[in-house]
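Build out the structure end to end from the sequences listed, making use of the hints.
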Amino acid sequence: MKPLIWKELRENVRWMPVGVIVVSVICWMARPNRSNPGGLIASDLVTQLAIVTPLLAFALGVVQAYRDLQPGAGAYLHHRGVTGNQIFMAKTIAGFAIYATSIVIPILGLACWIAYHGMSWYPMRPAQVVPSLAYALASFTMHPAAMLMMSRGASWWGTRWFPLIPAGAALLPFFASLQSGGLWGAGVSLIFILPLLAWMIAISRQSWRELSSEPPASRANVKLSRRWLLPTYLLIGVTLCWMTLVAFFIETVENASRPRVWVPTPEVSFALHSATHEPGLLTYLQEYDANAHGYSVRALGGDVVTQGATVDPMRPLEAPKQWRSFSYMQPISSTWYQSDGFFTNVNQLQGLPLTLAYDLRGYMICYEQYPERRWTATIARDAVYPPGDFSGEPFLSEPTAGSNVFSSFSSAGYTTPLLDGHGVYIVGTEPLSISTLIDQPIDSATLVPLEKGHAPRLLVRHGDQISEYQFMDANGSDTWYVDPNEDLSPDAVQYQSYSKLKSLKDFSLSAKVVHTYQVPAPIAESTVRVGLANDALYLAVYDQRSTLYRVDAADGFEKIDFQPTTPAANASQDGFDVTHLLAGWLPGFVGVLLAGFATWGSLFDVENGPTWGELVAMPIQLSTTIISFAVVTAFIIWFTRRVAYRRGLSHNQTMCWCASALLLGMAAPLSMVAIYRQVHREKCSHCGKPRRVDTETCEHCDQPWDRPLHDGIVMLDRAA
Amino acid sequence: MSDTDVIRTQRLTRYFGGKAVVREVDFAVPRGSIVGLLGLNGAGKTTTIRMLLGLLEPTRGSCQVLGTDSRELTPEIRSRIGHTVEGHFLYPWMRVRECERFGRETNSHWDGAFFERTVRRFGIDSAAKVSWLSRGQRAGVSIASTLAGQPELLILDDPALGLDPVSRRALNESILEFCESGERSVLLSSHLLDDVERVADRVTLMVDGLMVVNTGLDDFRQRVAAWTVDVSHQPPFGGSVRTPVPIPRLVNCRPLGDRWQITVVDPDEDTSAALAAIDSRSTEPVEVTFDDAVLAYLSRSRVYYSFFAERTP
Amino acid sequence: MQIRVIPGSSAAIYRQIADQIRRLVAAGELAIGDPLPSVRALAKELVINPNTVAKAYAELVRDGVLETQAGRGAFVAKRRNVYSKAERLRRLDEAIESAISVSLTLDFTSEEILERMRTKLEKLDL
Numbered sequence: 001m002k003p004l005i006w007k008e009l010r011e012n013v014r015w016m017p018v019g020v021i022v023v024s025v026i027c028w029m030a031r032p033n034r035s036n037p038g039g040l041i042a043s044d045l046v047t048q049l050a051i052v053t054p055l056l057a058f059a060l061g062v063v064q065a066y067r068d069l070q071p072g073a074g075a076y077l078h079h080r081g082v083t084g085n086q087i088f089m090a091k092t093i094a095g096f097a098i099y100a101t102s103i104v105i106p107i108l109g110l111a112c113w114i115a116y117h118g119m120s121w122y123p124m125r126p127a128q129v130v131p132s133l134a135y136a137l138a139s140f141t142m143h144p145a146a147m148l149m150m151s152r153g154a155s156w157w158g159t160r161w162f163p164l165i166p167a168g169a170a171l172l173p174f175f176a177s178l179q180s181g182g183l184w185g186a187g188v189s190l191i192f193i194l195p196l197l198a199w200m201i202a203i204s205r206q207s208w209r210e211l212s213s214e215p216p217a218s219r220a221n222v223k224l225s226r227r228w229l230l231p232t233y234l235l236i237g238v239t240l241c242w243m244t245l246v247a248f249f250i251e252t253v254e255n256a257s258r259p260r261v262w263v264p265t266p267e268v269s270f271a272l273h274s275a276t277h278e279p280g281l282l283t284y285l286q287e288y289d290a291n292a293h294g295y296s297v298r299a300l301g302g303d304v305v306t307q308g309a310t311v312d313p314m315r316p317l318e319a320p321k322q323w324r325s326f327s328y329m330q331p332i333s334s335t336w337y338q339s340d341g342f343f344t345n346v347n348q349l350q351g352l353p354l355t356l357a358y359d360l361r362g363y364m365i366c367y368e369q370y371p372e373r374r375w376t377a378t379i380a381r382d383a384v385y386p387p388g389d390f391s392g393e394p395f396l397s398e399p400t401a402g403s404n405v406f407s408s409f410s411s412a413g414y415t416t417p418l419l420d421g422h423g424v425y426i427v428g429t430e431p432l433s434i435s436t437l438i439d440q441p442i443d444s445a446t447l448v449p450l451e452k453g454h455a456p457r458l459l460v461r462h463g464d465q466i467s468e469y470q471f472m473d474a475n476g477s478d479t480w481y482v483d484p485n486e487d488l489s490p491d492a493v494q495y496q497s498y499s500k501l502k503s504l505k506d507f508s509l510s511a512k513v514v515h516t517y518q519v520p521a522p523i524a525e526s527t528v529r530v531g532l533a534n535d536a537l538y539l540a541v542y543d544q545r546s547t548l549y550r551v552d553a554a555d556g557f558e559k560i561d562f563q564p565t566t567p568a569a570n571a572s573q574d575g576f577d578v579t580h581l582l583a584g585w586l587p588g589f590v591g592v593l594l595a596g597f598a599t600w601g602s603l604f605d606v607e608n609g610p611t612w613g614e615l616v617a618m619p620i621q622l623s624t625t626i627i628s629f630a631v632v633t634a635f636i637i638w639f640t641r642r643v644a645y646r647r648g649l650s651h652n653q654t655m656c657w658c659a660s661a662l663l664l665g666m667a668a669p670l671s672m673v674a675i676y677r678q679v680h681r682e683k684c685s686h687c688g689k690p691r692r693v694d695t696e697t698c699e700h701c702d703q704p705w706d707r708p709l710h711d712g713i714v715m716l717d718r719a720a
Numbered sequence: 001m002s003d004t005d006v007i008r009t010q011r012l013t014r015y016f017g018g019k020a021v022v023r024e025v026d027f028a029v030p031r032g033s034i035v036g037l038l039g040l041n042g043a044g045k046t047t048t049i050r051m052l053l054g055l056l057e058p059t060r061g062s063c064q065v066l067g068t069d070s071r072e073l074t075p076e077i078r079s080r081i082g083h084t085v086e087g088h089f090l091y092p093w094m095r096v097r098e099c100e101r102f103g104r105e106t107n108s109h110w111d112g113a114f115f116e117r118t119v120r121r122f123g124i125d126s127a128a129k130v131s132w133l134s135r136g137q138r139a140g141v142s143i144a145s146t147l148a149g150q151p152e153l154l155i156l157d158d159p160a161l162g163l164d165p166v167s168r169r170a171l172n173e174s175i176l177e178f179c180e181s182g183e184r185s186v187l188l189s190s191h192l193l194d195d196v197e198r199v200a201d202r203v204t205l206m207v208d209g210l211m212v213v214n215t216g217l218d219d220f221r222q223r224v225a226a227w228t229v230d231v232s233h234q235p236p237f238g239g240s241v242r243t244p245v246p247i248p249r250l251v252n253c254r255p256l257g258d259r260w261q262i263t264v265v266d267p268d269e270d271t272s273a274a275l276a277a278i279d280s281r282s283t284e285p286v287e288v289t290f291d292d293a294v295l296a297y298l299s300r301s302r303v304y305y306s307f308f309a310e311r312t313p
Numbered sequence: 001m002q003i004r005v006i007p008g009s010s011a012a013i014y015r016q017i018a019d020q021i022r023r024l025v026a027a028g029e030l031a032i033g034d035p036l037p038s039v040r041a042l043a044k045e046l047v048i049n050p051n052t053v054a055k056a057y058a059e060l061v062r063d064g065v066l067e068t069q070a071g072r073g074a075f076v077a078k079r080r081n082v083y084s085k086a087e088r089l090r091r092l093d094e095a096i097e098s099a100i101s102v103s104l105t106l107d108f109t110s111e112e113i114l115e116r117m118r119t120k121l122e123k124l125d126l
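Chains as they are written, first to last, in the working numbering: chain L, 1 to 720; chain P, 1 to 313; chain W, 1 to 126.
Check before you lean on any hint, since a few could be wrong.
Said to hold, decoys possible - Within a straight-line C-alpha distance of at most 30 Å, the following computed DSBU-like cross-link-like pairs (lysine-lysine) qualify:
1) P/K19 to L/K689
2) L/K2 to P/K129
3) W/K78 to W/K123
4) P/K19 to L/K683
5) L/K559 to L/K321
6) L/K452 to L/K512
7) L/K321 to L/K452
8) L/K500 to L/K452
9) L/K512 to L/K500
Unchecked claim - Ranges of calculated distance between the beta carbons of each label pair, as one might list FRET restraints:
10) L/F249 to P/S108: 57 to 63 Å
11) P/E269 to W/K85: 28 to 34 Å
12) L/H700 to P/D266: 35 to 41 Å
Just so you know, the hints here were simulated from the structure itself, not pulled from any lab data.
C-beta atoms are modelled at their ideal positions from N, C-alpha and C, and glycine is treated no differently.
This is how it looks when you write it as structure tokens:
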């Protein structure tokens with residue numbers, strides 16, 4: 001084993017500089033600089049490595065396998081006191097050593113560089129390279145996959161490259177999970193990467209040991225149950241490949257047949273009348289306005305909702321501008337999904353001349369851009385600290401969530417407060433300061449506009465309590481708030497833009513709880529949309545269009561049930577289309593799953609799920625799919641039988657594959673092509689039928705092969 | 001399987017795609033013999049050797065080497081079989097002494113002194129890199145590292161291909177020295193008939209995937225006889241001679257100037273009668289050299305149709 | 001003693017060896033009782049298969065040219081005629097015929113050839 005590893009290392013070490021250079025270039029490109037100012041190390045690095053490392057591993061696998069599979073070199077290496085197993089493992093170990101070295105060296109260099117610069121220059125920490133290393137480890141699956149591809153004797157134009165597909169597909173989830181970075185994600189990925197690697201190596205090893213001597217079909221095509229690793233793998237690969245192909249065709253056809261013009265669809269939602277404080281159900285249409293280069297929302301119609309009434313959301317309205325649609329209570333949660341492990345995306349808070357990055361430890365890290373980029377301050381919940389000081393009280397979640405909740409502040413020309421899971425804060429500049437405006441736990445929050453001239457109210461939910469806050473200036477009034485947009489004519493869609501935002505700090509604001517509402521027990525678990533009347537709160541839950549809750553500030557709630565008239569079916573029209581014709585090519589198990597879901601949906605009345613009723617409501621599409629599937633399946637079974645004959649499979653094997661073809665569709669015969677070796681036939685000299693060349697006796701007449709004819713010139717002494 | 005055979009095949013057959021490259025080969029190599037394996041390129045020699053070594057599985061039939069089915073060779077048995085690859089493959093980046101080390105570490109019985117001796121016989125510096133060596137020297141390293149493993153059976157695939165006379169002599173010396181004890185056996189595939197005649201005591205001949213000769217070298221020479229006939233008519237294009245009576249056990253008939261040389265196995269009265277029936281100005285027996293006999297067999301597949309019997313009505 | 005083998009000639013290698021030893025014995029270069037190289041040594045010297053040498057020795061022993069002594073190797077044996085009179089004559093004719101045909105092609109007269117042959121025979125001093 002040792003000399004074999006040494007041989008592999010010595011032979012392939014010359015590829016290491018290539019890997020080192022390529023990965024170094026990537027590290028160089030991923031580092032944040034002027035042309036890549038938003039460069040987050042982890043996500044940029046993983047994205048770029050995602051392309052290169054599988055290619056590196058693949059190329060190394062091909063190079064390592066290629067030479068020793070050539071007849072001469074293969075005989076030289078294999079014909080000594082070593083097993084094929086040892087040779088394979090030596091290749092894998094040496095390949096991994098070379099691969100790992102060529103990736104680890106530049107990435108560790110990057111980590112050192114990061115450690116040297118520290119966070120004083122950019123929000124980055126050396127550990128940000130960990131997700132990239134985890135991804136590079138996952139990419140090594142392409143190495144055994146390449147060796148597997150090389151050791152199979154199949155045709156390059158046929159099934160030879162099939163082994164690459166599952167290995168490549170397995171990388172996608174790792175890419176998705178590691179791109180957002182984080183040590184946690186890297187750790188979880190590792191738990192899956194290691195078994196994946198072990199699985200790939202086991203498959204490739206089996207193939208290397210068994211297939212490189214090109215066994216005849218009579219030995220290779222039987223007893224798959226004893227060596228199921230490779231067949232299973234090929235089956236997965238082929239099925240993936242086939243489904244992707246069909247999906248691609250369907251997608252292409254859909255794209256080609258889809259209208260090029262965007263047709264807006266009306267949306268039904270709740271709204272509150274600003275004068276009468278009556279709830280209503282309105283139909284809105286979002287349209288593109290070419291003059292204003294923006295989207296505008298227009299109410300098409302609606303009606304007041306009262307208990308037990310029938311409400312027509314399309315009834316013409318007299319003054320649509322009087323209605324304000326319900327606000328969505330935005331959940332305040334951690335923002336790991338847009339982070340690269342330790343920092344969220346670098347952004348600028350409106351009104352602050354600083355670049356901010358949220359460190360997931362709970363601090364806002366502030367960078368000054370000019371004249372040189374440097375870390376100027378650390379904002380904690382309680383105060384502003386100097387750079388490098390993490391002794392303050394951390395935020396519970398990313399506080400820039402405030403800019404989403406308070407977006408109407410910024411459109412009215414005010415700076416937006418910060419908001420985390422434990423309060424609302426106002427940041428002041430010159431000097432940089434932070435003060436707490438509201439100190440209470442927050443699950444979700446929204447800003448609700450009041451009548452003109454008054455500051456909007458903040459609704460904060462914690463558990464099943466919703467508190468209504470009023471923002472008051474030093475005089476105790478909320479009339480400090482001026483929204484220039486309110487004076488615009490109702491049809492205008494332009495918004496004011498501001499050269500400088502008015503700092504909230506200057507108003508010495510305070511917040512006061514005006515009312516507290518109890519979320520009704522039936523919807524205590526749901527996220528809600530709210531409409532604020534004077535002393536009452538209307539709550540609506542997404543997708544419940546016939547129920548509304550009215551909660552009084554005093555106590556108690558009222559459940560308002562009503563009957564919205566169903567709008568004209570805007571579901572897609574039933575009719576013949578190519579998509580459903582193509583859907584017949586999908587494997588049968590997709591249909592089985594769909595039928596299962598439909599049954600489940602019909603029995604248990606699941607939201608959003610398909611039901612038999614919906615399926616049967618479109619008889620043409622359903623029957624197109626079923627007929628197409630039947631025709632395709634008949635063809636596939638014919639094809640399967642043909643492949644089975646060409647592969648010399650037994651009757652039982654043929655029957656099993658035909659049965660599986662019902663579920664797997666075209667993937668079944670294609671897998672057979674990939675799994676089994678082809679059988680060649682010659683005319684039998686006894687019965688005249690074509691007989692397999694790899695069996696001792698004819699399968700038709702049971703006769704052995706004839707000895708070749710000699711005309712007396714054969715000289716064999718003590719012949720066999 | 002008798003103990004005296006180191007190689008034995010039963011109806012060994014190998015197809016590549018739909019084409020049979022080796023067909024129904026039954027042969028045996030007795031222990032202690034040096035067997036020359038002769039045949040044209042593509043006659044199936046290398047394929048047979050690859051099957052014997054377990055590097056390629058037979059399509060049907062089987063072969064045993066040192067008493068083990070070659071599909072189930074263990075590393076221990078493999079190390080008792082020596083093999084040189086056609087063209088003497090070696091890792092070009094290795095030095096000669098690294099080749100020795102690699103061989104020593106991957107073979108259980110290693111004779112370093114033999115390696116040194118053989119390498120010296122070929123005049124090779126052991127610090128040299130393989131990629132600097134001449135073809136003959138590379139062959140030397142290859143032979144040395146194969147023989148130093150002290151195998152019981154040596155399977156050489158065309159070791160003399162492209163070698164200079166000195167290296168060829170060194171090669172033959174090495175093979176003979178290796179076999180000195182009489183317990184070791186050699187299967188020597190070669191195109192150099194002189195070397196085979198010198199070194200081998202048995203000869204096997206493969207033509208188009210069939211094994212047509214497997215016998216002692218002298219037996220082979222003795223049983224092949226040849227005549228020249230001077231037929232009156234000029235050989236037409238494509239060359240063929242008509243005989244009134246088919247010649248039994250005819251190996252080959254080839255034009256020799258304006259005469260024809262007819263090669264026959266085991267001549268007897270029927271042969272004489274058939275020859276006498278040919279309308280020939282003179283029919284003379286020819287001394288058959290080893291080369292002639294082999295060439296008659298090997299060129300048979302190429303010019304087989306140049307001679308056919310005219311059926312008497 | 002000098003023996004050469006030429007592969008690829010019409011005579012088998014073992015026959016070439018046997019013939020050359022016969023000639024050496026006939027020419028007196030090998031005297032009666034002289035030892036011959038062992039099979040293995042000769043095979044090594046000529047780079048040929050030892051079995052071939054052994055076969056040549058065996059033929060010479062059968063023909064009475066050599067004799068083997070167990071464990072000591074082969075020696076030149078006392079001359080004894082193993083051929084019949086007719087056979088000896090046939091072989092003599094064969095040798096003389098080839099010599100004559102070669103000599104005639106070199107444009108010698110029969111007197112010159114006879115003279116030359118006589119001188120050679122006298123030199124051997126039989």
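Taking the hints in turn, this is what the structure says about them:
no., hint, result
1, P/K19 to L/K689, "holds (18 Å)"
2, L/K2 to P/K129, "holds (21 Å)"
3, W/K78 to W/K123, "holds (22 Å)"
4, P/K19 to L/K683, "holds (13 Å)"
5, L/K559 to L/K321, "holds (27 Å)"
6, L/K452 to L/K512, "holds (20 Å)"
7, L/K321 to L/K452, "holds (13 Å)"
8, L/K500 to L/K452, "holds (23 Å)"
9, L/K512 to L/K500, "holds (28 Å)"
10, L/F249 to P/S108: 57 to 63 Å, "holds (58 Å)"
11, P/E269 to W/K85: 28 to 34 Å, "holds (30 Å)"
12, L/H700 to P/D266: 35 to 41 Å, "holds (39 Å)"
Of the numbered hints given earlier, the model fails none.
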